[in-house]
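Chains as they are written, first to last, in the working numbering: chain A, 1 to 458; chain B, 1 to 401.
To be clear, the hints were calculated from the coordinates, so they are not data collected in a lab.
Quick caveat: nothing in here was measured; it's all calculated off a predicted structure.
Positions of the beta carbon are idealized from the N, C-alpha and C atoms, including for glycine.
Please note that the accuracy of each hint is not assured.
Label-pair restraints from in silico Cβ distances [said to hold, decoys possible]: (1) A:Ser-238 x B:Gln-18: 39 to 49 Å; (2) B:Gln-358 x A:Ser-338: 33 to 43 Å; (3) B:Ala-368 x A:Ser-216: 49 to 59 Å; (4) A:Ala-436 x B:Gln-15: 44 to 54 Å; (5) A:Met-335 x B:Gly-208: 43 to 53 Å; (6) A:Val-68 x B:Gln-11: 44 to 54 Å; (7) A:Ser-338 x B:Asn-240: 19 to 29 Å.
Derived, one-sided and incomplete: chain A residues facing chain B with beta-carbon distance under 8 Å [stated by the list, open to error]: (8) Phe-101; (9) Thr-105; (10) Asn-106; (11) Gly-109; (12) Ser-117; (13) Ser-127; (14) Ala-336; (15) Pro-340; (16) Ala-379; (17) Thr-389; (18) Asn-407; (19) Ser-411; (20) Ile-418.
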Amino acid sequence: MASLSSSLNMAVHSLGAATASLQVTNNNIANANTPGYTREIAVVQEATPNEGSVSSGNGVDLLGFQSVRNELLQRQIEQETTAQSGANAQLSTMQEIQPTFAVTTNDIGTDMSALFSSISSLSTNPSSTSSRQAVLTAGQNLATAFNSASNTLTSQQTGLNTQVTQDVSQINQLTKQIAALNPQIAELNSTGKDAGTLQDQQDQLVLSLSKLTNVSITQTNEGVTLTTGNGTPLVAASQSFALQTTNLGDGKTHVLDSSGTDITASLTGGDLGGTIQTRDTTIPGLLTQLDTLANQFGKAINAAQATGYDANGNAGQNFFTVPTTVGGSAASISMAISDPALVAASSDGTSGSNGNLVNLSAVQTKTLPSGQTPSNAYASLVYRVGSLTANASAESSATTASLLQLNNQMSSVSGVSIDEESANLITYQQAYEAAARVVSTIQSLFSTTMSMGTASAA
Amino acid sequence: MRVTNMVPDMQYAMQQSQQALSTAEEQVATGLRVNQLSDDPAASANLVASLAQSANVDQYTSNVSSLQSQMQMADSSISSIVTSLNSAITAGTEGANGSVTSAQRQGIATQVQGFLSSVVADGNATFSGSYLFGGTEAVTPPFVAASTTYTSAKGSAASPLSSTTALTAGSVTTISDATTGETMTFKAKAGNTIATLQAAVASAVSAGTLSAGTSATVNASGHLAIATNKSADGIVVSSNDAALGSMTAAPNTGVANAYAYVGNSSVNTTQVGDSLSVATNLPGNLLLGTGSNVIGSLGSLISALQSGTTTDIGNAVSAVSAALTSVRQQRMPLDNTIGELNNQESYLGQETVTLTSQQTSLVGANTAQTATALSQDEMQNNAVMAAAAKVMPQTLLDYLK
Numbered sequence: 001m002a003s004l005s006s007s008l009n010m011a012v013h014s015l016g017a018a019t020a021s022l023q024v025t026n027n028n029i030a031n032a033n034t035p036g037y038t039r040e041i042a043v044v045q046e047a048t049p050n051e052g053s054v055s056s057g058n059g060v061d062l063l064g065f066q067s068v069r070n071e072l073l074q075r076q077i078e079q080e081t082t083a084q085s086g087a088n089a090q091l092s093t094m095q096e097i098q099p100t101f102a103v104t105t106n107d108i109g110t111d112m113s114a115l116f117s118s119i120s121s122l123s124t125n126p127s128s129t130s131s132r133q134a135v136l137t138a139g140q141n142l143a144t145a146f147n148s149a150s151n152t153l154t155s156q157q158t159g160l161n162t163q164v165t166q167d168v169s170q171i172n173q174l175t176k177q178i179a180a181l182n183p184q185i186a187e188l189n190s191t192g193k194d195a196g197t198l199q200d201q202q203d204q205l206v207l208s209l210s211k212l213t214n215v216s217i218t219q220t221n222e223g224v225t226l227t228t229g230n231g232t233p234l235v236a237a238s239q240s241f242a243l244q245t246t247n248l249g250d251g252k253t254h255v256l257d258s259s260g261t262d263i264t265a266s267l268t269g270g271d272l273g274g275t276i277q278t279r280d281t282t283i284p285g286l287l288t289q290l291d292t293l294a295n296q297f298g299k300a301i302n303a304a305q306a307t308g309y310d311a312n313g314n315a316g317q318n319f320f321t322v323p324t325t326v327g328g329s330a331a332s333i334s335m336a337i338s339d340p341a342l343v344a345a346s347s348d349g350t351s352g353s354n355g356n357l358v359n360l361s362a363v364q365t366k367t368l369p370s371g372q373t374p375s376n377a378y379a380s381l382v383y384r385v386g387s388l389t390a391n392a393s394a395e396s397s398a399t400t401a402s403l404l405q406l407n408n409q410m411s412s413v414s415g416v417s418i419d420e421e422s423a424n425l426i427t428y429q430q431a432y433e434a435a436a437r438v439v440s441t442i443q444s445l446f447s448t449t450m451s452m453g454t455a456s457a458a
Numbered sequence: 001m002r003v004t005n006m007v008p009d010m011q012y013a014m015q016q017s018q019q020a021l022s023t024a025e026e027q028v029a030t031g032l033r034v035n036q037l038s039d040d041p042a043a044s045a046n047l048v049a050s051l052a053q054s055a056n057v058d059q060y061t062s063n064v065s066s067l068q069s070q071m072q073m074a075d076s077s078i079s080s081i082v083t084s085l086n087s088a089i090t091a092g093t094e095g096a097n098g099s100v101t102s103a104q105r106q107g108i109a110t111q112v113q114g115f116l117s118s119v120v121a122d123g124n125a126t127f128s129g130s131y132l133f134g135g136t137e138a139v140t141p142p143f144v145a146a147s148t149t150y151t152s153a154k155g156s157a158a159s160p161l162s163s164t165t166a167l168t169a170g171s172v173t174t175i176s177d178a179t180t181g182e183t184m185t186f187k188a189k190a191g192n193t194i195a196t197l198q199a200a201v202a203s204a205v206s207a208g209t210l211s212a213g214t215s216a217t218v219n220a221s222g223h224l225a226i227a228t229n230k231s232a233d234g235i236v237v238s239s240n241d242a243a244l245g246s247m248t249a250a251p252n253t254g255v256a257n258a259y260a261y262v263g264n265s266s267v268n269t270t271q272v273g274d275s276l277s278v279a280t281n282l283p284g285n286l287l288l289g290t291g292s293n294v295i296g297s298l299g300s301l302i303s304a305l306q307s308g309t310t311t312d313i314g315n316a317v318s319a320v321s322a323a324l325t326s327v328r329q330q331r332m333p334l335d336n337t338i339g340e341l342n343n344q345e346s347y348l349g350q351e352t353v354t355l356t357s358q359q360t361s362l363v364g365a366n367t368a369q370t371a372t373a374l375s376q377d378e379m380q381n382n383a384v385m386a387a388a389a390k391v392m393p394q395t396l397l398d399y400l401k
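Only chain B is shown next, with the shape it has when bound in the complex (with noise of 0.2 Å):
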């Protein structure tokens, strides 16, 4: 074949060595092999789904170390309470003694008091603005102290709500009773009256939600008066039901000692892995009230110790040792989820590696590779160029004097 001008080849071999070099030397730069989707389309495809993973590990990171923290709030909390009963215990266990007076005897029921009031305050401890033990009701505290009665806003002797005042459709009206330790939730629907929700109270007292005597009716005010009809037994009332406005505690209602549940039982769980979801909040009533009776059993040793009865005594010292059983056993799941994530902790630690491991070899550059690549492309491009310089300018002219 004729070979006319080697020109074109060099040319072409030139850019081939010099587009080598080029890439080689961009590996070495960035460190990646694939520095563009063509580099390796597959590859790329490839990142982006383990990206995705290696965002979700770095979340579930992240919300282990959240909830870590909530939780050791909540444990710290607990533990509180456990010390709290166990003064109370002592301090019950004392009152019991016969040669203990009166006098003394009212000095200690003021401790336990005391204890309540701080088993209370735990009871209602937040963590970034949301209460810890309410259920999902995190934004009022979930332990409010109880009344005998509470009226509706609404209402009035001269325009008095009565049994056939509609209530409006969807509304909420709740009744948490401090002795039961249980919720009443109304929800009305349409055409129901106050007379519906007065029935609902009634079967309420029937089902041992309520309080025996606890009742809805109008008062001489004309207002809506839910209460109980024990001195010793105390309610806490909520409602968004325009046609009753808010529900507050008539004055000089209170109960002394006792406090309401108003949270709910539900149970928030967070995703801290693939197929891992821990619970994060412990609810309140199964904490402090029905299931533990931690309240209830702290008012009854105070009464106890003010009636002065030792026999009354030591049965509230024992209900107060059964409520602390009771706590230590609420308290083991959360001690469960504790170990639960710090074992998650060092795990996603271990993910965290897997995947950035297998994004480098996705798409990173084998530096050892990428420089003796480097090397040998730039020896290449050397050696074109100077074959180049030499072979080019020579043609027969030169050789015919």
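Looking at chain A on its own, in the form it has when it is part of the complex (with noise of 0.2 Å):
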């Protein structure tokens, strides 16, 4: 049956419930520009109705705080951004590699063209000591441009060592972070209370995370499992496996997970996935290329000096020193010779033949083993650098944008709207100021009904 009582008591549930609103949106506003926060609704619904003889509505009850997510949108912008830190990684070290192979006065390309203008020079005058002191002056400039070139990359190399290092302390800084989340969250669950707050915690480290490497998240009910791409874990309820860098002699940095086992070439994605890539994938290529543009050019001058004679009618030399193997010939060629009378210019012995400097010249258009012409070969190990650096820039503009469109459409879901939160004051403003006129109102029949009887009254 209807009562004041009741009725005051709807009131006062009224009151609570607008009061909650309130301070959801008072929260919300708060928190308007907090990277990773998610705004928050009170979940309000009817009351049971009151049964009797006559059904009437109960008011209000307030159920709780919801934070209003979108598990699936958090999932994407984590691998996006993880594609994004890749491609930023890469693109960072090529974009520090990519003057070393642009056109300069001695870069590599320029001072083989130096090379092959002084021999052709000393042809008109085979006998002149200044024109054979040029062509070892042009020697040792493009041996210089190819130690210089490998230099640059294998300084690149060891300068990723240091990156990956502190990729993997801060991988490990985090897991422990997420993992410390993980029975907070799980308890606050399981009683039905909203655990929004530490969600939104764990949630921005696991993004943290996600621009370190690729991590693949599982949700139980004790909180997130994490494991690396591969299945290498890093989070489980409360534990994390810290991952560990060593050096196995190989001059690079090794991760290793918890239990010891190298797990370096299976990492991708993220600031570490892509800097080891670009160390030991995108750079050692790009050395190999240049080492074997190195050793194969630097034979085949060796072996047109070999077919001459040099000014005092001896055998031609080698011109340049450069290794048996491949590896490490751009980093080690060198002159061979230092005296202008050792160029091979002649073919028959005498001083004033030239007839060994079409042989050295042929070189320039002369077919290596590896199948091209040495500036063909350059020109492609330029082209290589610049399509690397252009694909990284392309990805990671692409990533940007996605992310963009991505993080609009978390917005639009777990964001807060200023001008909705300004609405929404107003509008439990005025639910609030109703309840508050309905208790007052329900005090004023109380007084009436209690002098009711009294002689006044009668």
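Take the two lone chains, each set in its own frame, and fit them into one complex as the hints suggest.
So, in structure tokens, the structure goes:
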């Protein structure tokens, strides 16, 4: 049966619901610009109606607070973040490598051309000591260019070792923090309470982790379980599994899982994966191409020298010193002769003959064992460096645009709209005022009832 | 879709427009469309090949210039030789005149000796320190005064060389004959002795390479002596055999008006185009020696004038005339080469322009397009900034009072 008490109770519950809604709105506005904040709503529902001869409503029940989140979007954002970080890692290194192969006054291509120009110039006066010295100088410049380019690449590799160590350290910090949040979130969820704030913190940590490496996420009753893309455990319930770094004697920093297994090659995505790929695949590929060119070019010049005679009438010696194997050729190629007289210009042993210079010049258009002329082989290397950089840049741009869209979608679901919260403020304010008016009215009715049947009333 | 915050979109739009503006500014400032490899990897790679070709063209141009100077120097020397021969023919013709006295003929002979000396000097002309007409023997004079006898530095009365003295394997001994204009080259093999060299000299005489009577013997002083048996036949001998030491002309054995060619017949070529090479030297033996026999004919004219026989003088003058004709023929390839170089110079100039244009099209920026793009990007950037400034500060709270 309806009564003033029940009406008062309803009004009080209304005040409570409005207060809670105002609190949520206040919290949303306060955190409008907090990174990773998921907006909350007060979950209210109609109270169970009174059963009797006449059924009547029983007001509103506040069920609790709920975060408005989209787990699927969150996973997509994490994946795209991983891809973007991986691309950026490759891009930053390639941007530092790129200038080494740009056209300058002393890049490999220019120095190679200068060597052939000096050989051609010598052909007009093969007895000239100054022209012979010019050939040696050009050879030295080319060797130096090879050394410098190789050094740039290997220096980058060494620098990336430091990055690997830093990334692993950050990963370990993050997994520790994520693992610590799991039991807290699990407990709140098990009691039906909203773990929104802690969940937001955890989501941000996972997002930070995604920047570093590709992670696979599974939700369980005990919280999130995280593994790397290839299944190496990182977090399970309240436990985190720290990664380690070590040097195995090959000059590279390797990553080991918590049981000591080398997982370096299996790490993909993120800054760590991108760094490892750049260090272990991209740069070695460029080095191999550079070393092959230096080795084959050096040997071709040496072979041409050997077919001629120097100014003293002796058989031509090696022009360059190159290792027997390809590896390290660019780093170690150097001049084998320093005496201008040892340039094997002659084809018959006479000092004025230039007959062997045609053999030296022919190296320029000779197909090396790699299948290309020296100039084309270098052009291929230039193209490769340029396209690797361009591709990384394009992927970085594409993932940035994609992330913007995903974040907009996420914001659409979970973001705080100041305009919307402003409108809600007014709504809940009016609701509160209305409920308060009901309370006042019922209070007045109580007074009227209490004064019923008194003498003043008669 | 709920739109909660326009700031990220605006920041992205501003960044994109500023990036485009920055790119346009860089292109205008540098004049290049491709400022780093990643701007256009294919164009960057093609530029490498084009620049290599440009370097070749530049070097060909330099080679042409250098060779033009060298060829003109050679042509000038040949012109001088032609002048000397014409003068010798005139003088010889005068000397063949029956009315000329013996004393006058001696004077004419002296004149022709002067012409011969001038021809030898022209034959020994140099360019940038290298002898023009020595073949590929560029550091020693190609025409050397001949002597009847050359002796080795090694050997003595107490310790004479002999026919069994071993020669150094790989050593080279050359004998250039002023009369025949030919050169005998002997390269010693392992086991060879002086007897082997003696046999080689005899064979060369039989073949006509060396004058009849030329021989190699060990003289009373124990030295190896290589000598002709006629006072009018002269030779020049060189050897790098350590067993013989250097070969020098014996004192007072010089042959008047006799010069031997000690260069070789090798011809150098130099590339002046991707598919064009030119011969860069004219061996002196072809110009003045066997082919033309300029020196021999002048020597014969001098002898004829000194001997006083008009018939001999007439014949000698005819020989000099024939030599002159031969010199003119030998000169023709040189003149052709000079013409070829001049044509190639023009062609290379055009190639340079073509390659420069190619490189510009690969990586250069079209000035008009770049300036237009810069203007458009500036407008776009301003529009984005204006839109951001207008929209960003607005919220519902601005309207709720």
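* To do: So, Ser-411 (chain A) near chain B? Judge it on the closest CB pair being under 8 Å.
  => holds (5 Å)
* **Agreement of hint Ala-379 (chain A) with chain B interface, Cβ distance less than 8 Å** => Nearest chain B Cβ about 4 Å off; hint holds.
* For Ser-338 (chain A) and Asn-240 (chain B), compare the CB-CB distance with the range 19 to 29 Å and indicate the outcome. => Hint holds: Cβ distance 25 Å, inside 19 to 29 Å.
* **Satisfaction of the Ile-418 (chain A) interface hint, Cβ to chain B closer than 8 Å** => The hint holds - Ile-418 (chain A) has a Cβ within 8 Å of chain B, the shortest such distance being about 5 Å.
* Using the beta carbons of Ala-436 (chain A) and Gln-15 (chain B), state whether their distance is inside 44 to 54 Å or not. => holds (50 Å)
* Taking the least C-beta to C-beta distance, is Ser-117 (chain A) closer than 8 Å to chain B? -> holds (4 Å)
* Asked: If you take the shortest Cβ to Cβ gap from Ala-336 (chain A) to chain B, is it below 8 Å?
  -> violated (24 Å)
* Given the hint of 43 to 53 Å, check if Met-335 (chain A) and Gly-208 (chain B) actually sit that far apart at their C-beta atoms. => Distance hint for Met-335 (chain A), Gly-208 (chain B) holds at roughly 49 Å.
* Interface hint outcome for Thr-389 (chain A) [beta carbon to chain B under 8 Å] -> holds (4 Å)
* Hold the hint about Phe-101 (chain A) up to the distance rule: shortest CB distance to chain B must be less than 8 Å. => holds (6 Å)
* Asked: Was the hint right that Gly-109 (chain A) lines chain B, CB cutoff 8 Å?
  -> The hint holds - Gly-109 (chain A) has a Cβ within 8 Å of chain B, the shortest such distance being about 5 Å.
* **Per-residue hint verdict: Ser-127 (chain A), partner chain B, C-beta under 8 Å** => holds (5 Å)
Hints 6, 9, 10, 14 and 15, counting from the list given before, are not met by this structure.
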